[in-house]
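Top line first, the protein sequences correspond to chains A and B. Mapping of the first sequence onto the numbering used here: residues 1 to 114, in sequence order. Mapping of the second sequence onto the numbering used here: residues 1 to 113, in sequence order.
Because the hints were derived from the structure by calculation, they are not lab data.
Each pair of labels, with its calculated beta carbon distance range: (1) A:S82 with B:E26: 25 to 33 angstroms; (2) A:N73 with B:S55: 36 to 44 angstroms; (3) A:Q3 with B:I18: 27 to 35 angstroms; (4) B:A70 with A:N28: 36 to 44 angstroms; (5) B:T28 with A:T20: 35 to 43 angstroms; (6) A:S82 with B:Q72: 32 to 40 angstroms.
Residues on chain A that point at chain B, a partial pick, calculated with CB under 10 angstroms: (7) V4; (8) Q37; (9) S49; (10) K57; (11) G106.
The C-beta atom is built at its ideal place from N, Cα and C for all residues, glycine as well.
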Amino acid sequence: EAQVTQNPRYLITVTGKKLTVTCSQNMNHEYMSWYRQDPGLGLRQIYYSMNVEVTDKGDVPEGYKVSRKEKRNFPLILESPSPNQTSLYFCASRDPDSGPGTQYFGPGTRLLVL
Amino acid sequence: QQQVKQSPQSLIVQKGGISIINCAYENTAFDYFPWYQQFPGKGPALLIAIRPDVSEKKEGRFTISFNKSAKQFSLHIMDSQPGDSATYFCAAREKSSGDKLTFGTGTRLAVRP
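Given these sequences and hints, build the entire structure.
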């Protein structure tokens, strides 16, 4: 089954404790992205990657890091989480030959930073 | 600053009615306008999309109307059904920005039986 998986699905952590949210896709997609979803703000893009070792900032990259060492994986790293990073996070992937909106989203990771 | 403004924030429609969600943008470099549907606990899924050289696109009960001069586009859901109850997001893509999508703030639609 074609899918984007994220782990963990739920995470409670404390300020300053480094964490990584993993994202993996099995569709051999070149493009991958990370979004955060907050009430009243919709989805905002954090980072995106158009190929292995190629990453670019989205609209809200501050406080986040990403890496793209392999095509299938695109982990999101919070080096020193803060309460304002409490949010619902989505990873997405797409084939560059498909329309730019044809993104497959993962199920989401709900993060609470205390 | 919200580059894509979406309204209304929430919408209640009777079964069989027409649901209309509106979006407006300022950036004339946007060249692709998708709509996403999101059910609770799930990620968004592409519903329908349009490019600015087309004024209307229809897929089943879902229609996008696009007004390039007014920089507005809207989603119409005909014969709305309870199963359409979800949050809808409009979005826009600027070609030169690579794969960056800018989303509206979302509309929570409830279709009453």
